[in-house]
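Asks: One-letter residues, chain by chain:
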Amino acid sequence: MLERFYRSLYRIRRVEEEVARVYPSDVIKSPVHLSIGQESTAVGVCEAICEQDVLFTSYRCHAPYLAKGGDLPGMIAELYGKAAGAAGGKGGSMHLVDVAKGVMGASAVVGTPLPNAVGYALGAKIQKKDVAVACFFGDGATDEGVFHESLNFAALKRAPVLFICENNGFAIHTHQKFRQAVPDIAGHAEAHGITTRRLSDNVTEIYDAVREAREALEKNPDAGPFFFECSIYRWKEHVGPSEDYQLGYRHLEDAQPWLDNDQVRVVGEKLAVATREAIEQEVEAEIQAAFAFAASAEFPAPAELYTHVFGEQSHA
Amino acid sequence: MPEEATYVEAIRSATELEMAQDPRVVLFGLDVDDPKCIQGTTAGLLDRFGSERVFGTPLAEEAMTGAAVGMALSGLRPIHVHIRIDFVLLAMNQLINVAAKTRYMHGGKLHVPMVVRAMIGKSWGQGAQHSQGLYPLFMHIPGLKVCAPSTPYDAMACLLTAIRDDDPVIIVEHRLLYYQTGPLPEDTDNLPAPSARVTRPGNDVTLVGISHQQEECLRAAAYLEEKGISAEVIDPIWLTPLDLDTIETSVRKTGALCVVDNTWTTCGAGSEIIAGVLERIQGDVPVRVKRLGYAPVTCPPTPGLEELFYPNGRTIARDVCDLVHGGNVGWTPEERANLREITFKGPF
Ligand SMILES: Cc1ncc(C[n+]2csc(CCOP(=O)(O)OP(=O)(O)O)c2C)c(N)n1
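First to last, the protein sequences are chains A and B.
Residues in the first sequence are numbered consecutively from 1, following my numbering.
Residues in the second sequence are numbered consecutively from 1, following my numbering.
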């Protein structure tokens with residue numbers, strides 16, 4: 001398992017670092033919300049759920065997309081605005097999608113995927129499918145009314161949703177304590193009658209907790225929903241490739257414990273050196289190929305502007 | 001007050017001026033108090049007026065809009081800021097069912113003096129959910145006033161007028177207009193009543209540009225000179241109330257009307273303006289009309305398609321030339337460096 005964790009953690013970290021590295025050259029003309037520092041929630045969750053399970057995410061979607069097996073060349077080409085991108089260049093960084101892998105798109109409007117996730121889960125249950133939905137969102141999303149409405153409805157209908165709150169403490173630059181009178185998100189979930197766990201950024205801890213929930217759902221489709229609040233830290237600025245400690249809303253000392261506990265490094269150190277290096281070499285080659293692919297791919301043809309407004313088989 | 005100011009400074013100083021002279025004015029919204037201060041438009045206000053009158057909010061657009069209504073009913077004059085107009089969609093119930101209707105449905109016994117500032121995004125891959133215009137949605141609703149100033153002067157005048165108004169006003173700003181510089185109103189105590197402005201006189205065609213498209217229309221007018229076409233450019237500034245008189249007068253002179261919306265054309269401000277003008281003219285003079293706006297699709301982030309999505313000075317000039325000649329002339333001007341849109345670099 002550790003090998004699997006490491007491959008996925010390292011891969012996400014390095015993809016995001018490459019995105020940050022190329023960003024100043026303007027090959028990516030689109031806002032990027034990087035997942036660096038937040039890899040372990042995506043990896044712990046996606047390793048614990050099943051192939052047929054699906055994800056709903058926010059704009060901070062790179063890590064969950066990759067962890068669930070989303071196509072890497074498709075992602076990079078999408079960031080580059082190319083026709084071969086995951087959404088043909090029509091989504092950009094904030095709307096990664098890979099339906100074959102269960103990545104059901106992403107929204108740039110905070111909180112909006114939550115009810116979509118609940119509806120999908122309920123739909124799957126009604127159709128007697130063993131499909132669970134993992135819904136990723138930040139602490140900021142839990143300020144929104146739709147958060148509570150979605151949790152209530154999910155609990156009422158026992159929808160098989162795994163709510164994954166990636167609590168990185170901030171909505172852009174505003175700390176949770178300036179937005180919530182009771183900054184206890186897990187407590188809010190419990191109040192809706194949802195089985196809830198408070199988790200750290202430890203990938204094994206996240207994996208074990210989500211695995212247990214997923215097994216419960218497999219045995220009993222009415223076991224859910226489940227809620228996981230993962231404490232995590234965003235290393236980069238809210239949007240963009242740089243660090244932002246100079247803004248003064250947070251300090252490097254706050255980040256230090258998280259940097260010291262870097263899950264990519266911690267997990268990597270548990271592997272034999274040769275194993276680790278082999279993984280790293282493979283991943284590096286894959287990343288290099290993906291960026292080369294994106295760089296040389298074609299931009300969409302002008303006629304593409306008008307496709308996908310509606311489906312081709314329209315009856316209206 | 002500086003003689004030339006940016007649009008950002010115009011918004012900021014209008015807010016500061018009115019907060020200083022009217023203790024009822026409060027300013028709030030997501031990120032108004034954060035280090036980036038809504039691109040600088042709220043900079044320094046927290047320090048000057050304190051956290052009771054200037055505050056950031058939870059992510060809760062509907063509740064915050066409803067709270068603004070409540071504050072207004074209590075005697076305050078709230079300004080609620082949205083960094084993208086797309087997020088106002090979460091507040092439509094409070095805005096349309098409550099704020100817009102409170103005065104009327106209570107027979108004039110109550111009223112809601114509140115201001116909503118909302119920014120339209122453009123460029124650097126803003127994409128599907130950060131680029132919409134949406135202002136025609138608000139024009140549709142009796143009880144809401146709507147303006148879309150395109151210069152620092154009008155931004156300051158509109159915001160001051162909006163704060164002083166006794167009813168809900170939505171100010172539609174545009175991210176790219178924030179770079180505009182120009183003079184500010186001198187007499188801020190006696191501002192002109194909301195009306196349109198002829199921003200460039202001409203004889204052959206009336207070109208109405210809304211929000212950032214006003215800039216593109218001025219560029220188009222410069223290109224149209226190459227074809228000997230003299231365009232009269234009008235900035236409506238206020239969409240509700242809409243000054244049709246100024247536009248009608250121009251159209252009676254030119255016989256051609258093109259409205260360039262900063263949104264999609266269907267049910268847009270262009271539809272409303274053209275219908276309103278033709279209703280008044282009723283065939284007294286022949287009038288050719290044209291609506292321009294976003295391509296009728298969701299905004300794509302990839303640069304080539306994004307470029308095609310928006311009207312610009314050259315495409316407007318091309319379409320207006322065709323309109324004036326009553327057919328496809330097959331002319332698009334060569335781009336001139338001084339008429340190019342500023343390049344906006346992200347990350348946001
Ligand atoms: C409804 C809505 N309101 C405001 C915004 C502007 N905005 C974009 S990201 C963000 C912060 C969200 O924080 P959080 O949910 O914790 O996610 P994180 O960025 O930390 O992953 C805000 C306020 C938005 N996109 N949508």
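Treat the hints as calculated values from the structure; they're not laboratory data.
Don't be surprised by glycine CBs; every beta carbon is placed ideally from N, CA and C.
Misleading hints may appear alongside valid ones.
Claimed, not checked - Interface residues of chain A toward chain B, partial, derived using beta-carbon atoms under 10 Å: (1) K29; (2) G89; (3) G92; (4) M94; (5) S107; (6) G145; (7) I172; (8) E304; (9) H308; (10) E312; (11) A316.
Stated by the list, open to error - EDC-like, lysine to aspartate or glutamate: derived pairs with alpha carbons at most 16 Å apart: (12) K128/A / E218/A; (13) K36/B / E237/A; (14) K345/B / D284/B; (15) K29/A / E307/B; (16) K236/A / E218/A; (17) K36/B / D254/A; (18) K290/B / E307/B; (19) K345/B / E47/A; (20) K101/A / E47/A; (21) K253/B / E272/B; (22) K236/A / E51/A; (23) K36/B / D244/A; (24) K129/A / E51/A; (25) K177/A / D22/B; (26) K227/B / E334/B.
Asks: Now tell me if each hint is right for this structure.
Replies: Hint-by-hint comparison with the structure:
no.	hint	in the structure
1	K29	holds, 5 Å
2	G89	holds, 3 Å
3	G92	holds, 3 Å
4	M94	holds, 6 Å
5	S107	holds, 7 Å
6	G145	holds, 6 Å
7	I172	holds, 6 Å
8	E304	holds, 6 Å
9	H308	holds, 8 Å
10	E312	violated, 15 Å
11	A316	violated, 15 Å
12	K128/A / E218/A	holds, 11 Å
13	K36/B / E237/A	holds, 12 Å
14	K345/B / D284/B	violated, 49 Å
15	K29/A / E307/B	holds, 13 Å
16	K236/A / E218/A	violated, 37 Å
17	K36/B / D254/A	violated, 20 Å
18	K290/B / E307/B	violated, 21 Å
19	K345/B / E47/A	violated, 37 Å
20	K101/A / E47/A	holds, 13 Å
21	K253/B / E272/B	violated, 20 Å
22	K236/A / E51/A	violated, 30 Å
23	K36/B / D244/A	holds, 12 Å
24	K129/A / E51/A	holds, 13 Å
25	K177/A / D22/B	violated, 30 Å
26	K227/B / E334/B	holds, 12 Å
Going through the hint list in order, the structure does not satisfy hints 10, 11, 14, 16, 17, 18, 19, 21, 22, 25.
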